[in-house]
Amino acid sequence: MKLRPGRFFEDFVLGSRIVHPTPRTLTDGDCALYIALTGARQILPSAAPVAKALGYRDRPVDDLLVLNVAFGKTVPDISLNAVANLGYADVRFLAPCYPGDTLRAESEVIGLRENSSRRSGIVYVRSSAFNQSGELVLTWVRWVMVNKRSDEPGPRPVVPQLPEVVPAERLAVPAFLRAAKLDTTLTGATDLWDDYETGERIDHPSGLTVDESDHTLATKLYQNNARVHFDALAMRTSSVGRRLVYGGHVISVCRALAYDGLENALAIAAINGGRHVNPTVAGDTLYAVTEVGEKWRLPGRDDLGALRLRLIGLKNLPPAGLEFPIAPDGPYPADVVLDLDYTVLMPRRLP
Amino acid sequence: MKLRPGRFFEDFVLGSRIVHPTPRTLTDGDCALYIALTGARQILPSAAPVAKALGYRDRPVDDLLVLNVAFGKTVPDISLNAVANLGYADVRFLAPCYPGDTLRAESEVIGLRENSSRRSGIVYVRSSAFNQSGELVLTWVRWVMVNKRSDEPGPRPVVPQLPEVVPAERLAVPAFLRAAKLDTTLTGATDLWDDYETGERIDHPSGLTVDESDHTLATKLYQNNARVHFDALAMRTSSVGRRLVYGGHVISVCRALAYDGLENALAIAAINGGRHVNPTVAGDTLYAVTEVGEKWRLPGRDDLGALRLRLIGLKNLPPAGLEFPIAPDGPYPADVVLDLDYTVLMPRRLP
Amino acid sequence: MKLRPGRFFEDFVLGSRIVHPTPRTLTDGDCALYIALTGARQILPSAAPVAKALGYRDRPVDDLLVLNVAFGKTVPDISLNAVANLGYADVRFLAPCYPGDTLRAESEVIGLRENSSRRSGIVYVRSSAFNQSGELVLTWVRWVMVNKRSDEPGPRPVVPQLPEVVPAERLAVPAFLRAAKLDTTLTGATDLWDDYETGERIDHPSGLTVDESDHTLATKLYQNNARVHFDALAMRTSSVGRRLVYGGHVISVCRALAYDGLENALAIAAINGGRHVNPTVAGDTLYAVTEVGEKWRLPGRDDLGALRLRLIGLKNLPPAGLEFPIAPDGPYPADVVLDLDYTVLMPRRLP
Numbered sequence: 210m211k212l213r214p215g216r217f218f219e220d221f222v223l224g225s226r227i228v229h230p231t232p233r234t235l236t237d238g239d240c241a242l243y244i245a246l247t248g249a250r251q252i253l254p255s256a257a258p259v260a261k262a263l264g265y266r267d268r269p270v271d272d273l274l275v276l277n278v279a280f281g282k283t284v285p286d287i288s289l290n291a292v293a294n295l296g297y298a299d300v301r302f303l304a305p306c307y308p309g310d311t312l313r314a315e316s317e318v319i320g321l322r323e324n325s326s327r328r329s330g331i332v333y334v335r336s337s338a339f340n341q342s343g344e345l346v347l348t349w350v351r352w353v354m355v356n357k358r359s360d361e362p363g364p365r366p367v368v369p370q371l372p373e374v375v376p377a378e379r380l381a382v383p384a385f386l387r388a389a390k391l392d393t394t395l396t397g398a399t400d401l402w403d404d405y406e407t408g409e410r411i412d413h414p415s416g417l418t419v420d421e422s423d424h425t426l427a428t429k430l431y432q433n434n435a436r437v438h439f440d441a442l443a444m445r446t447s448s449v450g451r452r453l454v455y456g457g458h459v460i461s462v463c464r465a466l467a468y469d470g471l472e473n474a475l476a477i478a479a480i481n482g483g484r485h486v487n488p489t490v491a492g493d494t495l496y497a498v499t500e501v502g503e504k505w506r507l508p509g510r511d512d513l514g515a516l517r518l519r520l521i522g523l524k525n526l527p528p529a530g531l532e533f534p535i536a537p538d539g540p541y542p543a544d545v546v547l548d549l550d551y552t553v554l555m556p557r558r559l560p
Numbered sequence: 210m211k212l213r214p215g216r217f218f219e220d221f222v223l224g225s226r227i228v229h230p231t232p233r234t235l236t237d238g239d240c241a242l243y244i245a246l247t248g249a250r251q252i253l254p255s256a257a258p259v260a261k262a263l264g265y266r267d268r269p270v271d272d273l274l275v276l277n278v279a280f281g282k283t284v285p286d287i288s289l290n291a292v293a294n295l296g297y298a299d300v301r302f303l304a305p306c307y308p309g310d311t312l313r314a315e316s317e318v319i320g321l322r323e324n325s326s327r328r329s330g331i332v333y334v335r336s337s338a339f340n341q342s343g344e345l346v347l348t349w350v351r352w353v354m355v356n357k358r359s360d361e362p363g364p365r366p367v368v369p370q371l372p373e374v375v376p377a378e379r380l381a382v383p384a385f386l387r388a389a390k391l392d393t394t395l396t397g398a399t400d401l402w403d404d405y406e407t408g409e410r411i412d413h414p415s416g417l418t419v420d421e422s423d424h425t426l427a428t429k430l431y432q433n434n435a436r437v438h439f440d441a442l443a444m445r446t447s448s449v450g451r452r453l454v455y456g457g458h459v460i461s462v463c464r465a466l467a468y469d470g471l472e473n474a475l476a477i478a479a480i481n482g483g484r485h486v487n488p489t490v491a492g493d494t495l496y497a498v499t500e501v502g503e504k505w506r507l508p509g510r511d512d513l514g515a516l517r518l519r520l521i522g523l524k525n526l527p528p529a530g531l532e533f534p535i536a537p538d539g540p541y542p543a544d545v546v547l548d549l550d551y552t553v554l555m556p557r558r559l560p
Numbered sequence: 210m211k212l213r214p215g216r217f218f219e220d221f222v223l224g225s226r227i228v229h230p231t232p233r234t235l236t237d238g239d240c241a242l243y244i245a246l247t248g249a250r251q252i253l254p255s256a257a258p259v260a261k262a263l264g265y266r267d268r269p270v271d272d273l274l275v276l277n278v279a280f281g282k283t284v285p286d287i288s289l290n291a292v293a294n295l296g297y298a299d300v301r302f303l304a305p306c307y308p309g310d311t312l313r314a315e316s317e318v319i320g321l322r323e324n325s326s327r328r329s330g331i332v333y334v335r336s337s338a339f340n341q342s343g344e345l346v347l348t349w350v351r352w353v354m355v356n357k358r359s360d361e362p363g364p365r366p367v368v369p370q371l372p373e374v375v376p377a378e379r380l381a382v383p384a385f386l387r388a389a390k391l392d393t394t395l396t397g398a399t400d401l402w403d404d405y406e407t408g409e410r411i412d413h414p415s416g417l418t419v420d421e422s423d424h425t426l427a428t429k430l431y432q433n434n435a436r437v438h439f440d441a442l443a444m445r446t447s448s449v450g451r452r453l454v455y456g457g458h459v460i461s462v463c464r465a466l467a468y469d470g471l472e473n474a475l476a477i478a479a480i481n482g483g484r485h486v487n488p489t490v491a492g493d494t495l496y497a498v499t500e501v502g503e504k505w506r507l508p509g510r511d512d513l514g515a516l517r518l519r520l521i522g523l524k525n526l527p528p529a530g531l532e533f534p535i536a537p538d539g540p541y542p543a544d545v546v547l548d549l550d551y552t553v554l555m556p557r558r559l560p
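Each protein sequence line maps, in turn, to chains H, Z and W. Numbering of the first sequence is given in my numbering, commencing with residue 210 and proceeding in unit increments. Numbering of the second sequence is given in my numbering, commencing with residue 210 and proceeding in unit increments. Numbering of the third sequence is given in my numbering, commencing with residue 210 and proceeding in unit increments.
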């Protein structure tokens, strides 16, 4: 029998390396679909001539499309039997991905901790996506709770030390990027790194209602095959009672909504962490609020700075209805679906 | 605060030029999606070898995909606060757009007229889309009603003179187009320009039911961010109570339906005007009827003629149920959603 | 009047050749959409470098995307008035199709048999799809029941002899294919041709719920314009009462679900026959079960074998609930939607 039941806690060995199946060539087709699925208007993936003027070889594939596809590759090996996706950290975008590039992914098991019940355990993996030249494009850590096959005692617990934030000096800032070449008439806003203040709140004006076909199309595009997103029959007996929108797609939609007010955020350099605090299902209308966090100068760059942002995703509640601030660890109102801590690169006002 | 509230009547200045944000590279991905979203079977965007045999450099991007993307670019600056999209005129397709081309758009304010209430006004703009070489691809005029910020008296009213029809001599007929090379076995019908008669009615046989995901995917593909198409929560309190299908997508669907009976209409040369007389929402089944209008010979061309067509879009009423004729200004039955006056290029029967 | 009513039984002439309209250029855009619409993870269409390592010029377009587009081309001429799609046979995949290739299709009428009622008849056609170089990519026979215009007696009945199976020696095995180059860490499973046994049953673990937008997007992508898939208003009075999912898309979804357990099935060489025994509609959750049939060695190839597979598509019933075996001709439980008999090429374990 060719059953493919996915891995249980016992199948993960500390230090082992897992090569994830089916590399994926990303093309103009994926880029067009990503725009259709999210409404993204970020300038670099939208306009090849603008990307080229800034030093890119071509328009880059949207950072979050890269992330979602790379993440999808890890699902069959890491989280098919996950009871819960507990968190992610140290997500670093290291090189642009261009249409025509092929991504492959692998993971290393960097931590294992059995739960006291002995019925499940937490698996920590460092995953990495490479392009066809073997260049590291993206790397991240995540941890998931996975069922055990038996209640035999597990291995000695090892929990990795994870950074709370990717500091400025660990961000991969493309050497080729000529941020000063950005013509802000093409993004629709003149606000640059200098114009954002720590603590500032941006209520992004648009809302987007998610329907079954668009979130399932997105998640299939990402080749993420986790059952909870696709199998309405199986989900009938779940607590929510229906298909769940994949959290990575929620991030994508919220970032697309966050275009207005962050027009000159050229690229995502890192995701420091994130929480999906309530489920999103078809019919929900998503909104986004940004809270501006730290502002970092970048070594050797006076044309470009980094902004740490907190992206709050809301469902069925326009931004004006959100009571701020939310403490970093919650508690979260039932309308909040996402609390994402990430870092973008943005041009600075030249002296 | 980085609010992006859109422009009010007072923000428009006669004669000013607005460069619209986010140029857009159109690719094979957009073309495939356009076929999936509309069911279009028009020969030139479908088949590269046929397009090349007729003199095109490659298969052109569907005229209406170009229009919808170019139009979408103008939304954030022109119509985000529009109370009503009142009309459009003098839409001329001037050069083909090919996969890989990048469109950017700009508008000039050509008219302003405050309403007597002093609470809103009508803004007339001439918008233009250019490719990456600066070549003018498409130009059109539209007018929208926009709210005012205050009831201070507005500027002296200026209303532009607009042509009722783009006359034959102003149509951009591609010099490279070798219409006689069209092999009509590849379009499935032998009817050419000569075979259509003014006053003839064509009941297109197919119907297409629109669902939420497909109209919203289309409108996001066009990067049109008008709230009425996406935010089901906000629309609950609107008169229709739900998301509206973007009028440009209604045109696209109706033209795709109109393939049967107009198989050899190679390209749209102009849209003379159009009315969206009733809303379309998900669940509506669209049908199309064409009334053949004027037939024009084209200067210096015996291989190609122009047909002025009236495309009537219906909802939930198959063509046979439509009582004709409808006067050019209506009144319109509640089943009519679209009354589009446009001009196509079609090969002529050679002597 | 430019009515396009489709062909009736009397319009088919034995031995006549029908050139189907609108050739279609297939691109990276179609490939991306196919993944989004089906969740396919088959390695060759997914990853260009893997395909190239195995001897392909580029990643090939998914076999079933080619089939569905080629099939769609024949609909306006063959089955627009079909009362029933009765069957297909001898479907052979003869050459890979690559992004950028243009398909055109034609059919020859190879059989005609009036029904005893004289109100309809069965039409047998051999259809073929060619690429832009005139190379035969795909050929198949199908037969449909078509209404007659009148009850005048039809022509002398001619029923073609059709093979029950495409035998190993008639399979087109690409001479360039270097199956031994497949790195199975990239497909996620080490099972090769040698590891499958006749009679083995594979319960594919995933399920996929179909929604209105995704099946209609797929069928429009295939440019299949059969009304039953699109026109909800017209379908209200049908026996099912709603739009039907196109059978070719059901095959595509079931094959995508069948990835887990058949990861190294590189390409479809033939479809021997198939039955769509119950309708699929939006809201249905599809599952797939494979029964392994004959195993064939291929002449001159010790790196590659052929597997004949029976793919059972289920609706709203996970595989474990299916009582096996089902006799080759049924009867079928109401949960079965598809019974497909097809042949794949799979690498063999080297000595």
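Honestly, the hints are just simulated from the structure, not real lab data. Where is the CB? At the ideal position from N, CA and C, for every residue including glycine. Keep in mind that the hints are not guaranteed to be accurate.
[Unchecked claim] No more than 27 Å apart at the CA atoms, straight line, and that leaves these computed lysine-lysine pairs for DSSO-like:
hint	chain 1	residue 1	chain 2	residue 2
1	Z	LYS504	W	LYS211
2	H	LYS390	Z	LYS211
3	Z	LYS390	Z	LYS211
4	Z	LYS357	Z	LYS211
5	W	LYS211	H	LYS211
6	W	LYS357	H	LYS211
7	W	LYS390	W	LYS504
8	W	LYS211	W	LYS357
9	Z	LYS390	W	LYS211
10	H	LYS390	H	LYS504
11	H	LYS357	H	LYS211
12	Z	LYS357	Z	LYS261
13	H	LYS504	Z	LYS211
[Claimed, not checked] Take a look, some chain Z residues computed to stay more than 12 Å from chain W by CB distance:
hint	residue
14	ARG213
15	PRO214
16	ALA249
17	ASN294
18	ASN324
19	LYS357
20	PRO364
21	LEU371
22	VAL374
23	ARG436
24	ARG510
25	LYS524
26	ASP548
LEU371 of chain Z remote from chain W - nearest C-beta pair above 12 Å | Since the minimum Cβ distance to chain W is about 32 Å, LEU371 of chain Z lies beyond 12 Å and the statement holds.
Given hint LYS211 of chain H paired with LYS357 of chain H - CA-CA distance at most 27 Å = Given pair LYS357 of chain H, LYS211 of chain H holds - Cα atoms ~21 Å apart, limit 27 Å.
Exclusion check [ARG510 of chain Z not at the chain W interface, CB over 12 Å] | holds (23 Å)
Are LYS390 of chain H and LYS504 of chain H close enough, with their CA atoms no more than 27 Å apart?
-> Given that 27 Å is the threshold and the Cα spacing comes to 21 Å, the pair holds.
Mind checking the alpha carbons of LYS357 of chain Z and LYS211 of chain Z for me, to see if they're no more than 27 Å apart?
-> Holds - the C-alpha atoms of LYS211 of chain Z and LYS357 of chain Z are around 21 Å apart, at most 27 Å.
Claimed clearance of chain W by ALA249 of chain Z, with the beta carbon kept past 12 Å | violated (8 Å)
Beyond 12 Å from every Cβ of chain W: is that where the Cβ of ASP548 of chain Z lies?
-> holds (20 Å)
Hinted pair LYS390 of chain Z and LYS211 of chain Z, Cα distance within 27 Å | violated (55 Å)
Is LYS211 of chain W within 27 Å of LYS211 of chain H, Cα to Cα?
-> violated (55 Å)
Restraint status (C-alpha distance of LYS211 of chain W to LYS357 of chain W at most 27 Å) = Between LYS211 of chain W and LYS357 of chain W the Cα gap is close to 21 Å, so the pair holds against 27 Å.
Closest CB of chain W to the CB of ASN324 of chain Z still more than 12 Å away = It holds; ASN324 of chain Z is separated from chain W by about 39 Å at its closest Cβ, greater than 12 Å.
Given the hinted pair LYS390 of chain Z and LYS211 of chain W, is their alpha-carbon gap at most 27 Å?
-> At roughly 23 Å apart (the allowed maximum being 27 Å), LYS211 of chain W and LYS390 of chain Z satisfy the hint.
Hints 3, 5, 6, 12, 16 and 25 from the list above are not met by this structure, while the remaining hints are.
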